[in-house]
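So the protein sequences, as listed, match chains G and C. With the first letter of the first sequence counted as 1, position 297 gets the number 297 in the working numbering; the numbers rise by one all the way through. Add 1000 to the 1-based position in the second sequence for the working numbering, that's all there is to it.
Keep in mind that the hints are not guaranteed to be accurate.
Sample of chain C residues at the chain G side, in silico, Cβ under 7 angstroms [unchecked claim]: (1) A1013; (2) R1017; (3) A1022; (4) S1024; (5) M1037; (6) K1063; (7) N1069.
Keep in mind the hints are simulated off the structure, nothing from the lab. Heads up, the beta-carbon is just placed ideally off N, CA and C, and yes, glycines get one too.
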Amino acid sequence: MTKKQRKELQRIIIAAIIFFVFMIGENLGLFPFMENSLIRFIIFLVPYYIVGKDVVKGALHGIKERDIFDEEFLMTIATIGAFAVGEFPEAAAVMLFYSIGEWFQSYAVGKSRRSIKALMDIAPEYANLLSEDGSTREVDPSEVKPGDVIVIKAGEKVPVDGEILEGSSMVDTAAITGESVPRSARPGDEIISGCINGEGLLKVRVLKKYEDSTVAKILDLVENASSKKSRTEKFITRFARVYTPIVVIGAVILAFVPPIVIYAATAAGIIPEGAIGGGFLEWIRRACTFLVISCPCALVISVPLSFFGGIGAASRAGVLVKGSNYLENLGELSVLVSDKTGTLTKGEFRVSSVLPEDNKEEILRLAAYAENFSDHPIAASIKSAYGGDIEEKLIKDMENVSGQGIKALVDGKKVLCGNDKLMRAEKIEFVPCEAAGTVVYIACDGKFEGTVVISDTVKEEAREAVSAIKNAGVREVVMLTGDRREVGEVVASELGLTKAYTELLPGDKVNIVEELEEKLSKKEKLAFVGDGINDAPVLARADIGIAMGSMGSDAAIEAADVVIMDDNLMRIPQVIRIAGKTLSIAKQNIVFAIGVKTVVLILGALGIANMWAAVFADTGVSFICVLNSMRALRE
Amino acid sequence: MKKKYELEDLDCANCARKMEEAISKIEGVREINISFMAQKLTIDADDDRFDEIMREVERTIKKVEPDCNILM
């Protein structure tokens, strides 16, 4: 509770006590002196003044600024109107409940603001800067420069991005990536700011200034996210602009037109005297109920609050959403296009099979020797599959045949290791292999020995993630890859994808995304997921660009609309669910607020709803909408 | 020049919306965003008249909500 809120609460309590004592007392007949209407007026003016002083002052300010659609001005007119028609308790009550409502609203908003802030409590407070004489001193994180050495003690937050020089530890990255399993950190590893050091003492060389460090970037992104407004928020802004004037004009019409018409009609003898309710005062009273409902506050507060909460919930899960508009689009996602290598697959190449199986050892040995001096990823995967030691002095005359493979003399034998072109060029009779992946044929002294198949492995969670994405309401999950058709189709069927586009050139990806987007209706959205390294144009082109596994990669954070901090594909269905929930909460608030206001306006015009109902339609609805918005924060 | 300021005692969301509308009409303001949730004002305005524009912004804020202060 802030100081201002506490003071306001005291005033509300005092006013409420006075109000209820006199109202109940009057009804029980305890205060005969209240029959004098002047005394009665003064008695109810006291609580009115206590809670309403600032409102009236605000109203005078509104008049000075010529803002007749000022909420406080309208509330003042409404209550003065109630006093004028002799409804003293109602006038005081409207002001009292209006203040209570405002107070609760301010309290709830403050509380939600704090809980969202707590969620993003990843900002480091200090850094332990190591000086040349070996002593450390606490400085503000913004004071350390790249090249400085800092010390991070057990349990402390990593203040800036850096590289570990000494010490090893398990680091809790949950605040940044949403990943709950701690990561091991050893000398030479990069360490990301915002993570929490576990047990060990770390000496870290600073790589980036605080402003450029991951934690500062994330905070900046999340804070600015609410400035990219969703269509729903824009609709509310437009609605708010016209709502108040319409209701106020309605009130003016209600106050003057019906009584004049009724008076004229009665005078002309069209309707008998007193047939249609109330005199002039009754219509003023009805007009006052209108004025009480004239603020669109419930909508103006609760809709942005829902989106703010949704973005907060996503960042807690390790997903940065760069704007409310992207969260809204995610809620309407119908096609997800994914890159293959590094996104659906690990991007690590492994030997998946060796043919024929019974000669496996020998084939791998020959291949590993032949490939020993190559730095191609294929060589690395063959060597790791072989696993044994390589006696380098046995390898002679290694020759790299571009686009074909490798020739080498291994222990005096001529070994060939490469694709079909190499085999044909050397006139080797070989058994063609149709397996998915990169196929390497091996021949020794002119005789075909066998085949090694190398393929990328699918991420463990990929299959589950694809089905969860479909369950979250995404109609199609499509894969784009530059790989061979056989490779792409195996992955697509293994993961249960809707479609796979294979053998693409880099430029084709943008074209396909454009084609797919054209087929969608306005309400359907397309997202592209990639590792952010070479698909910046596609990330930018899609309705929503999602970058994966980009912890610390500036380029990806820059290019994408949504950034998944760890490599986990399961974050995608999770953030789609958060987005869907946020959107439905915002819609519930809109329907509820506009619905209740409209009903009370109609009932008020007919004389059925009184001031009390109007106060509920104003502050009560705001309060309920704010509480509802807070659900977006919880996942 | 783009700058961010904190706001104090910004109490009503509708006021934030009104401030935004009024400030966007000030000459030289390219972009204005007032976040009621974050209690922050982000402004992008002409460099050469920036201080003058900020004084005008402050006056506009006071007009809408006299209690609200901009922390500069």
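Each hint, compared with the structure:
1. A1013: holds, 4 angstroms
2. R1017: holds, 6 angstroms
3. A1022: Hint violated; C/A1022 Cβ to chain G Cβ min 10 angstroms, cut 7 angstroms.
4. S1024: This hint is violated: C/S1024 lies away from chain G, its Cβ roughly 12 angstroms from the closest one there, beyond 7 angstroms.
5. M1037: For C/M1037, the interface hint holds, since the closest Cβ of chain G sits about 5 angstroms away, which is under 7 angstroms.
6. K1063: Status holds, d = 5 angstroms.
7. N1069: violated, 12 angstroms
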